[in-house]
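Undergrad: Below, each chain spelled out in residue letters.
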Amino acid sequence: MRTSRAHALTGQVVVTCAAALAVVPLIGVVIMALGEPDTQDSTIRLSDSFHFGNFKAVWDLADMGTALATSFKVSITATLLTLLLSVPAGYALARFKLPLRNALFFILLAGLMLPNESLIIPLFFDFREVGLADNLIGVVLVETALGLPFGCFWMRTFFRDAPHEITDAGRVDGANSFVILVRLLLPMAMPQLLALIVLSFVWTWNDLLVPLVMLSGGREMTAPMSLATFQGQYTTDYTYLSAGAILTALPVIAVYLVLQRSFAHGITSGAMKG
Amino acid sequence: MASRLTVTSRPVQPNGAGVAARKQRRSTTLVGFGYLAPALIFYGLFLILPFLHSVYLSFSAWDGISPARWVGLENYRTILESSQNRAAFGHAFVLIGFYALLTTALALVLVGVIGSTRIRGLTVFRAALFLPYVIAPVVTGVAWRWLLAPEGPINSLLRAVGLGGWARGWLGDFTWALPSVGLIGTWMLLGLALVLLISGVQRIPVELYEAARMDGAGPVREFFAVTLPSIRNEITVVTVLAVTAALRNFDLIYVTTQGGPGSSTEVPSFLVYQKAFFVGDLGLASAMGVLLTMVILVLTMLILRPWRKG
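Those protein sequence lines, which keep their order, are chains A and Z. Note that the working numbering has the first sequence beginning at 1, numbered continuously upward. Note that the working numbering has the second sequence beginning at 1001, numbered continuously upward.
Check each hint, because a few of them may be wrong.
Unchecked claim - Partial list, derived from the structure: chain Z residues whose beta carbon lies under 8 Å from chain A:
hint: 1; residue: Phe1042
hint: 2; residue: Thr1078
hint: 3; residue: Gly1115
hint: 4; residue: Pro1132
No lab work stands behind these hints: they were computed from the structure. C-beta: ideal position from N, C-alpha, C; glycine also.
Start from the sequences and build out the full structure, keeping to the hints where you can.
TA: This is the structure in structure tokens:
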């Protein structure tokens, strides 16, 4: 049994090292962001005092407040829309015998493989025609559509695996499909809904390419766009850049940490069933 | 409601019930499509339609202003004949080597060392391991531009351990920029891969390991005979996720190298953007996007092999 204890210890050490590898660079960024401002110096050093003023400076220089508000607006709306569309679609795909059901499901799933890069040119030119260029609504519509393949797949899996006895009982009691969905099935779906919420939010927030192309007029900016633009202007001002990076990442990290279990659930079982 | 009443009357009137049942089936179908339609319409309008338009544009010469002109496969031929564009696809495959092969190999080695031992505090570790995957690639890019800067922490570390000769501006180096971007990708995905593989290992029944040990298998045999075959699905999933991430990495290239130095880190996802919005060759850019989609599709199919049952 001596070897198995040594083995357990090795396992623990390996996982600790891997976790450190993931986190240490990010801690470095935090230390850098609190360093001496305006030095053009990329060397990391612990200064005697933390310069929290760097965050304020970047907040003003990169108009981060507005950008973060824009990102919140886009991400929350797109997430809610994804939820609102995926739940009934997944329900229909799992519980209704529809003609062409499998074909439709396959077409939806294929969307998981469509790269944003293959969409941006029509998005830019066609959306301009219909007045959705430089318009947050346009970004929300596209980000929602991008979230639907996973959302429908994810909700379909839940509805397929949910106990049929409960819905049968509901039907015997004379409940129609909508009542069964809202009263009986959705209350059981909380873990799945939370996972879909956190994943949609994170994916929408993080995307650069779609807002970069669709908001190219410069009237509106999301946080990642703002950070990328800021880097274009302050190329080597690593203190400010680190502060900007933290401001951009913080909302996602906060949402992720709060819903950590749901995120892991969505990623691990979502990926495995896919 | 009326249709439900007719169900109870089935034994009495077989003929009329047939019609009623058909009627009900039709109304159920309608309700089902009612639930499905909003998502399908959304998906069609904002994903499928733009993609089909992309495919159409890929057969055209268009500058965005004058009317598009049909040119058949001309754009595709231009891409395949230009060494710059071929190189971009080559770079994408190098990145797949880092994002997918290196990541999976590293994760497998780590999983092999960890073996079947239960990790204490896995939830906390998992939270940390996922972090590089959770934060935006833009943030990752900005962070690593600093970490890899000429006087940045990585080079300081090299100098501190006496490897100062290795220190360089990694992302500005013609030879090292592409591998550096690749290693950033490995960093982004390693934790995710590890968590997925560990969760696979933890589903393996302990009896399998006990049986292997009874047969006198050492840790290495145990890994190849028990662990590896049992987590085949997890490995497949990790590979698909990583290959896709390697090919759709516009964000990271945009903030780290913009395709440079020279064209040493140009990849298809970045060229689509550049050719479309800076060169103004929208037909060629569309063809590049369609080719990228096809590469993703073919590689995913090859890895998943959905035609193989089970």
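Undergrad: Compare the structure with each hint and give your call.
TA: Results of checking the hints against the structure:
no.	hint	in the structure
1	Phe1042	holds, 5 Å
2	Thr1078	violated, 16 Å
3	Gly1115	holds, 6 Å
4	Pro1132	holds, 5 Å
Checked against the numbered hints above, the structure breaks only hint 2 and satisfies the rest.
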